[in-house]
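J.: Please model the complete structure; the sequences and the hints are all you need to start from.
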Amino acid sequence: MVTSECVIVGGGPAGLSAAKELLEAGARVTIIDRNERLGGQLIKQTHMFFGSEKQYASHRGIDILEYLVNDLAPYGDRLEIRTGTTVAAIYQDKVLGCLKDEKYFKIKAESVIIATGASEKALPFENNDLPGVYAAGAVQTLMNEYGIKPGQKVLMVGSGNIGLIVGYQLLQAGIEVKALVEAADRIGGYLVHASKIRRLGVPVLPKTSIKRAIGEDAVEAAEIWSLDENWQGIPGTEKKLDVDTICIAVGLSPLTELLQQTGVRVEYVRELGGNVPLLDEGYRTTVDKVYACGDVANIEEASSAMVEGRITGIHAARDLGHEVENAGFRIKALQHELYDLRGGPPGEKVRQGIKKREVLA
Amino acid sequence: MKNEDIVICRCSDVTLADLYELFEQGYDNFEELKRIARVGMGPCQGNTCAKMIQWEIAKYFDRPLEACAIKNIRPFTMGVKLQAIKEAAEDED
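Chains as they are written, first to last, in the working numbering: chain A, 138 to 498; chain B, 56 to 148.
Heads up, a few of these hints could be off.
[Said to hold, decoys possible] Simulated crosslink set (EDC-like; lysine to aspartate or glutamate; CA at most 20 Å straight-line):
id: 1; chain 1: A; residue 1: K486; chain 2: B; residue 2: E121
id: 2; chain 1: A; residue 1: K240; chain 2: B; residue 2: E59
id: 3; chain 1: A; residue 1: K231; chain 2: B; residue 2: E147
id: 4; chain 1: A; residue 1: K243; chain 2: B; residue 2: D148
id: 5; chain 1: B; residue 1: K57; chain 2: A; residue 2: E239
id: 6; chain 1: A; residue 1: K377; chain 2: B; residue 2: D60
id: 7; chain 1: A; residue 1: K240; chain 2: B; residue 2: E121
id: 8; chain 1: A; residue 1: K237; chain 2: B; residue 2: E147
id: 9; chain 1: A; residue 1: K237; chain 2: B; residue 2: D146
id: 10; chain 1: B; residue 1: K114; chain 2: A; residue 2: E173
id: 11; chain 1: A; residue 1: K348; chain 2: B; residue 2: E142
id: 12; chain 1: B; residue 1: K114; chain 2: A; residue 2: E360
id: 13; chain 1: B; residue 1: K141; chain 2: A; residue 2: D365
id: 14; chain 1: A; residue 1: K237; chain 2: B; residue 2: E145
id: 15; chain 1: B; residue 1: K114; chain 2: A; residue 2: E366
id: 16; chain 1: A; residue 1: K492; chain 2: B; residue 2: D73
id: 17; chain 1: A; residue 1: K245; chain 2: B; residue 2: E142
id: 18; chain 1: B; residue 1: K57; chain 2: A; residue 2: D354
id: 19; chain 1: A; residue 1: K348; chain 2: B; residue 2: E121
id: 20; chain 1: A; residue 1: K243; chain 2: B; residue 2: E145
id: 21; chain 1: A; residue 1: K245; chain 2: B; residue 2: D60
id: 22; chain 1: A; residue 1: K493; chain 2: B; residue 2: E111
id: 23; chain 1: A; residue 1: K240; chain 2: B; residue 2: E142
id: 24; chain 1: A; residue 1: K240; chain 2: B; residue 2: D148
[Unchecked claim] Going by beta-carbon spacing under 7 Å, a handful of chain A positions derived as facing chain B:
id: 25; residue: A226
id: 26; residue: Q229
id: 27; residue: F242
id: 28; residue: A259
id: 29; residue: E263
id: 30; residue: N264
id: 31; residue: N265
id: 32; residue: Y305
id: 33; residue: Q309
id: 34; residue: Y405
id: 35; residue: R407
[To be verified] Calculated from the model, a selection of chain A residues having no Cβ within reach of chain B, i.e. all distances over 10 Å:
id: 36; residue: S195
id: 37; residue: I199
id: 38; residue: G213
id: 39; residue: T223
id: 40; residue: A225
Because the hints were derived from the structure by calculation, they are not lab data.
The C-beta atom is built at its ideal place from N, Cα and C for all residues, glycine as well.
T.: Right under this line is the structure:
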């Protein structure tokens, strides 16, 4: 059986950052990603990042991906990259069942870092299966990766950063955004993003949701309505919008399916997006030498995923017996970066969630 | 609202109306619903429906979301042909 000192599942910002630390410390690393290209969601992030310089603020996600991949280049002899490969199963003895081009094979790992990221939440509403109803990630893939417009007139559902940014990118592509609705009483994402699309004339409607999609074979219109304090639609407040596309951006949920197969303890923490692994300060799960970092541990931005990945990489390298120079000092500095990234009102939810998880652990 | 036009599980074509009918029959957790209606057993393995079902169970039976979380996840996360597993086993021998 193929063996590896450390298998990283998921080559997004968290996984790539963890890989760098492990390689620098002298470990042998395998990165597995089901996509043909490394980078995870960074591939479709054509916008510039916020945060501090340390996490490449004011650089575009797609460029950050290049930096992260280039960082690994010097260690080619100890790095194995398996793209286009899906981990279909992880057994409790750290044997990973992988699938590439219909061919199945196993890898036995000494340690495993799960950095699988998140999946998009779906929304139940009438005719939610009509062609023309998209998840925001799919719209981003179509537009930013393949240069294809999803439609001409869009209703955006959800005002988190994804809804706001994708809304703006739709406008940039010359697509009309008829409205952006948000079930809560306030904008979920950064106000700068919201102001940008407001300035361009898009109505941003709080306490509003989609009631139904209308159409025979595809979306021909959408009906929105106001919500009461119990999140229920108020009859009589319906408004019909002339759209051909409905974009759903109602949040992400950690993709823990592989993690849970390893037997780690997970708990449902709603502030962190769903089932999340219980972790110690080194991103160790409750199973020896199984780690989790990035969105699979807590839904956040790519900036924090990169920092978490690096902390995880340092710990995983040391746990495998490798020496990491200035480890204590560097971990402290990285933790400080995380603290800064999670500061202020936008980070409130994740701070609460992480506190809740610490109590559960 | 037309619950029969609200699709909860796209893989097995289960609507909100189907779900309510099962709730009324007493199926009140994901594991049982999975066995009776095949929700979460299609190609997406519950990545689309599970969160919505958790939410609907919580609402219908008036339970906290935490009490309706989906915990049992087993290999595989996707369809793997027996042929592929057989060939892998032969390669190992």
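J.: Report the numbers of all earlier hints that the structure fails to satisfy, in ascending order.
T.: 2, 5, 7, 10, 11, 12, 13, 16, 19, 21, 22, 26, 32, 33, 39 and 40
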